[in-house]
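Participant: Residues per chain are reported as follows:
2 protein chains.
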Amino acid sequence: MPTPFFSARDLSFHLYEVLQADQLTRFAHFADHDRASFDMVLDAAAQIGENLLRPLLTVMDRDEPQLVDGKIRVHPDMRAIIRRFGDDGWINAPFTYDEGGQQLPATVMNAATFIFGAANYSSSVFPFLTTGAANLLRSFGSKELIDRFTPNMYTGRWQGTMALTEPDAGSSLSDITTSAEPIDEATGVYKIRGQKIYISAGDHDACDNVIHLMLAKIKGGPAGAKGISLFVVPQKRPTDTGELVDNDVLTAGVYHKMGYKGAPIAHLMVGSNDGTVGYLLGQPHQGLRYMFQMMNEARVGVGMNAVSIGTAAYYASLAYARERPQGRPIAEKGPGHDWSAKPQTPIVRHADVKRMLLFQKAVLEGSLGLLLQCSQLADTAHAAEGEEAQRAALLLDLLTPVAKSYPSEMGCLTTSAAVQILGGAGYTTDFPVEQFYREARIHPIHEGTTGIHGLDLLGRKVTMQGGKAVQIWVEAVQKTMTEAAEHDALKPLVDEMGKALGMLDTTTRHLLGLLPTDTEAALADATLYLELFGIVTIGWQWLRQATVAQEALPNAVSDEDRNFYQGKLMTARYFVEYELVKVRSLAKRLQSPDRVTVAMQSEWF
Amino acid sequence: MPTPFFSARDLSFHLYEVLQADQLTRFAHFADHDRASFDMVLDAAAQIGENLLRPLLTVMDRDEPQLVDGKIRVHPDMRAIIRRFGDDGWINAPFTYDEGGQQLPATVMNAATFIFGAANYSSSVFPFLTTGAANLLRSFGSKELIDRFTPNMYTGRWQGTMALTEPDAGSSLSDITTSAEPIDEATGVYKIRGQKIYISAGDHDACDNVIHLMLAKIKGGPAGAKGISLFVVPQKRPTDTGELVDNDVLTAGVYHKMGYKGAPIAHLMVGSNDGTVGYLLGQPHQGLRYMFQMMNEARVGVGMNAVSIGTAAYYASLAYARERPQGRPIAEKGPGHDWSAKPQTPIVRHADVKRMLLFQKAVLEGSLGLLLQCSQLADTAHAAEGEEAQRAALLLDLLTPVAKSYPSEMGCLTTSAAVQILGGAGYTTDFPVEQFYREARIHPIHEGTTGIHGLDLLGRKVTMQGGKAVQIWVEAVQKTMTEAAEHDALKPLVDEMGKALGMLDTTTRHLLGLLPTDTEAALADATLYLELFGIVTIGWQWLRQATVAQEALPNAVSDEDRNFYQGKLMTARYFVEYELVKVRSLAKRLQSPDRVTVAMQSEWF
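Same order as they appear, the protein sequences are chains A and B.
Just so we're aligned, residue 0 is where the first sequence starts under numbering that gives the first Met the number 0, counting upward by one.
Just so we're aligned, residue 0 is where the second sequence starts under numbering that gives the first Met the number 0, counting upward by one.
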């Protein structure tokens, strides 16, 4: 039996026992679904993951994409795989029936992408980049643009991308210089010229065309972020007769990178020969707003990718720990025991190895819970009405930087723990954990670095609408604590959670107090504030999971279920003991008056 | 000008301003040296690093060693480089004049290896593996063995290795099964048979022969660790006439690994055709003791390698941060400022980037201080007499697991910070930081995993001689605190250090109290105890450095010196604020009665 790369049991626990995701079907938009149809979707994802994606995990890492004659060559199986995603309806699954979609809840869709990512992250990015680009198109484009571009995107024939970054504008998007000049202002046709870098799936030979959703500045428009517009810029321009003609979007290079090597990341030259036509999406100068409306989704997606890779590494290290004999249990050592004559024990029996496994499990299953809850909030914001929808949207807005960054940062450490469990073997390419370690490192960088998300959380999200989002969140955490406190066994966890929440609250007040008068000092440690907020958020997730497990354990009918719930309860304890405890040090630092990072000068390094 | 990979100014600060390493020449063994001769050695190291090693950094990573016709092929320049190390006297530099060495203090030798490792870690391992193996030979071997093997090792013609690990015996060395049967017991000639894995430089085509210092068990000897002997097992056996004949040591494979790819790591089959002769080193069954007498040295070496790689990454990220414009200073943003019209600022001005730079500087320069001090302790233990030597040896014994593990574990995080500073660029192979990130990951694994060193520290070193080593260490820390407290500016740091030392002390007493009755629980978090001990130890190092800087600053005559000392003082503050503060959370966890990792069961994962 091959090593599993995720747990269907755990996914089902999150979806149905914790989140009660089947309740989403009470909304008219999702009314045709039920738990059985959700499970069919997830089973199908598991099949694709196991049979199509996983077998390419290693080879896509070793034979990375190459630029050959101006075109990026990717693994030859990718064409069939992307078409399969198209034919099976994955690419437009979340969209409406009218659009050929299935009105699939984001909660289920993201659970499926979790499976794909755990099977083979590189291969999973192609189809869902197209979903993201198509979502922008359908949300803000004219009927004509939608009809022209989306059908071939939904089938997987055309790749979609988000083309934002430029050589001098990464974190600072307002500084892009790609320009747009009207050819026909009335119909929104522009001549585009510029350079885009780090464009995921920006060019490859597993599709017939690439449709870039590209940020550019219309000449003569406002400076900075207010002058950014969004354009549809195809690699090849479809004519009225359906032909594809060259649109002067050249691939200047492919980036070779540390990990997720199977995904082609392109450097594009746009309009170098004056021949690039782009189609304005929506209104001029609204590009950044459009893009940011889709950002929550993409950022939750990145968090999910991070959990996927971490989960694959966790199961690889767990399988190894159960099989690898090394040393003896400490309890059997010491004077009086002739331990050297005894057979070696599987390393899963050593407390230090269990600690490294519990660390992974605690971070990953806590994060998975958060990400699926964020997906459910997105579904509720979309399908519910009135205050319910507004509260869900606000809470999602608040949690998005956490849901993106906590799993991304911690995924570097969980994959590192997986490597450590394998020891020397983990450092070799004979096992996949070193690949997961390399792949995990991208997530704190793309879709906004951790530093950017720290500023977003502390500088924007915590204060929006007079702090209403935080208030909604605190109410939700307190509700979880009240429910957990009904179980005596969970009271110690609730106590620690209460203290942690208090420390976060004191820290938040301290920093918000500084914000008006000393903005730089208030925001200097925003990354640490994000870390603190993330730990408390995952603590909350574990309290939810522990409460469900505590209630289910006495009624569990199989050993498998009893073991599962015991594992949840132990992992919740682990999180409180080893991770939640970190809020003490973080809160102390964040409330310290010493502004050493602000005061530091470049020439003193 | 190429990006620097280390700071000669900082190295000189550690050696002469903090450690006063030139005082080593008061010992007879080092009496022929002086500061000028030390500096010549370090200048020579910098030249070799810059001119020979650094140019191969990237190519040795890309074109990794391959097994071709039973022989591992390495970079073709390595042969000349190893010979250069031999011809210039590096390989036997620490040994006596009688042996052709220079009686160079370990303090200076390790400062030189720091430079080599920062230039190109893979290339630097070849010569000093030979030094380590030769040191075992000269320390425990007969004159005949020494004469037969060491001369060609010193010239770099023959490679030396440590051959310990086997497929079923990595951390658990007592379980090795490589066997030795006497051919001629009187002269210590044995027939050897077994398998060795992960043997660094275990075979390659840049030398004429490989001399393995190999652990094996003499048949009929005691079980477990008490039956391990040490043998000299050449790849080719030198005959009395000087010919080299095959010794049946076959290279079964080369490991492909995540990083430091330029160094060949071999899988060896020994005596498969019954033709391997090995020469017993010293007495039978004393192999592990001999090996462990050399371990301190190797482990300090690994810590130094970790600092080397981290330092190269730090300077690469610092250079990038000073050049890369992105965004505006926060102080210039906000309403009322038209900041978008202003040019972008170098990212080194952002507090979050300065935090990531200070993090690297704090960890790396704190660790470098510790490692050079450990080297000085080794020199004192070797060259001093009586109690001075004994105290130095004891303190070195205590600090060795910390000096190996703290830089190794933290080097993974500092190189990660370097990647983060470069953002997307850092994830590509266009910059060297991703390579440093991959290379750094080996150090928590080889020469004893971090888990093993945690057990060594808490289970052995803290309690040895009734806790005398800890007592010596605490006296040293308190002396540093007293000296620092004479400067008002340093008093806040001294206060925090005092609290941290108190928390460590309480934690140590708590765990030692558990040790006799519940050994497993007492040692379960030994890795965290090692982390706690490491943080306090590096805090001590920063207090030493800050005291020197505080005294030097008023007398500094150049801007360069003023900037340097300011940087030291700021970094000491950073360490206390952001790193030393972590002892609070660690001490709380380590004193908690919840034994969740001990209680966890394999089937609950």
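No wet-lab data here; the hints were simulated from the structure.
Quantities reported herein were computed from a predicted structural model and do not represent experimental measurements.
Treat the hints with caution; some may be incorrect.
What the hints assert, rightly or not - EDC-like, lysine to aspartate or glutamate: derived pairs with alpha carbons at most 16 Å apart:
id: 1; chain 1: B; residue 1: Lys341; chain 2: A; residue 2: Asp167
id: 2; chain 1: A; residue 1: Lys190; chain 2: A; residue 2: Asp245
id: 3; chain 1: A; residue 1: Lys490; chain 2: A; residue 2: Glu550
id: 4; chain 1: A; residue 1: Lys341; chain 2: B; residue 2: Asp183
id: 5; chain 1: B; residue 1: Lys225; chain 2: B; residue 2: Asp183
id: 6; chain 1: A; residue 1: Lys341; chain 2: B; residue 2: Asp494
id: 7; chain 1: A; residue 1: Lys587; chain 2: B; residue 2: Asp183
id: 8; chain 1: A; residue 1: Lys70; chain 2: A; residue 2: Asp167
id: 9; chain 1: B; residue 1: Lys218; chain 2: B; residue 2: Asp247
id: 10; chain 1: B; residue 1: Lys341; chain 2: A; residue 2: Asp174
id: 11; chain 1: B; residue 1: Lys490; chain 2: A; residue 2: Asp245
id: 12; chain 1: A; residue 1: Lys587; chain 2: B; residue 2: Glu495
id: 13; chain 1: B; residue 1: Lys587; chain 2: A; residue 2: Glu495
id: 14; chain 1: A; residue 1: Lys490; chain 2: B; residue 2: Asp593
Unchecked claim - Each pair of labels, with its calculated beta carbon distance range:
id: 15; chain 1: A; residue 1: Gly220; chain 2: B; residue 2: Lys490; range: 51 to 59 Å
id: 16; chain 1: B; residue 1: Lys490; chain 2: A; residue 2: Ala222; range: 48 to 56 Å
id: 17; chain 1: A; residue 1: Pro324; chain 2: B; residue 2: Asp517; range: 56 to 64 Å
id: 18; chain 1: A; residue 1: Asn562; chain 2: B; residue 2: Asp517; range: 19 to 27 Å
id: 19; chain 1: B; residue 1: Ser591; chain 2: A; residue 2: Pro54; range: 43 to 51 Å
id: 20; chain 1: B; residue 1: Pro515; chain 2: A; residue 2: Gly466; range: 51 to 59 Å
id: 21; chain 1: A; residue 1: Ala488; chain 2: B; residue 2: Gly385; range: 32 to 40 Å
id: 22; chain 1: B; residue 1: Ala35; chain 2: A; residue 2: Pro324; range: 53 to 61 Å
id: 23; chain 1: A; residue 1: Ala222; chain 2: B; residue 2: Ser591; range: 50 to 58 Å
Glycine residues also receive a C-beta, built at the ideal position from the N, C-alpha and C atoms.
Participant: Does each hint fit the structure? Answer for all of them.
Facilitator: We went through each hint and held it up to the structure:
no.: 1; hint: B:Lys341 - A:Asp167; verdict: holds, 14 Å
no.: 2; hint: A:Lys190 - A:Asp245; verdict: holds, 14 Å
no.: 3; hint: A:Lys490 - A:Glu550; verdict: holds, 14 Å
no.: 4; hint: A:Lys341 - B:Asp183; verdict: violated, 32 Å
no.: 5; hint: B:Lys225 - B:Asp183; verdict: violated, 22 Å
no.: 6; hint: A:Lys341 - B:Asp494; verdict: violated, 50 Å
no.: 7; hint: A:Lys587 - B:Asp183; verdict: violated, 68 Å
no.: 8; hint: A:Lys70 - A:Asp167; verdict: violated, 25 Å
no.: 9; hint: B:Lys218 - B:Asp247; verdict: violated, 20 Å
no.: 10; hint: B:Lys341 - A:Asp174; verdict: holds, 10 Å
no.: 11; hint: B:Lys490 - A:Asp245; verdict: violated, 70 Å
no.: 12; hint: A:Lys587 - B:Glu495; verdict: holds, 12 Å
no.: 13; hint: B:Lys587 - A:Glu495; verdict: holds, 12 Å
no.: 14; hint: A:Lys490 - B:Asp593; verdict: holds, 14 Å
no.: 15; hint: A:Gly220 - B:Lys490: 51 to 59 Å; verdict: holds, 56 Å
no.: 16; hint: B:Lys490 - A:Ala222: 48 to 56 Å; verdict: holds, 49 Å
no.: 17; hint: A:Pro324 - B:Asp517: 56 to 64 Å; verdict: violated, 25 Å
no.: 18; hint: A:Asn562 - B:Asp517: 19 to 27 Å; verdict: holds, 25 Å
no.: 19; hint: B:Ser591 - A:Pro54: 43 to 51 Å; verdict: holds, 45 Å
no.: 20; hint: B:Pro515 - A:Gly466: 51 to 59 Å; verdict: holds, 53 Å
no.: 21; hint: A:Ala488 - B:Gly385: 32 to 40 Å; verdict: violated, 59 Å
no.: 22; hint: B:Ala35 - A:Pro324: 53 to 61 Å; verdict: holds, 55 Å
no.: 23; hint: A:Ala222 - B:Ser591: 50 to 58 Å; verdict: holds, 56 Å
Figure legend: structure checked against the earlier numbered hints; hints not met, in rising order: 4, 5, 6, 7, 8, 9, 11, 17 and 21.
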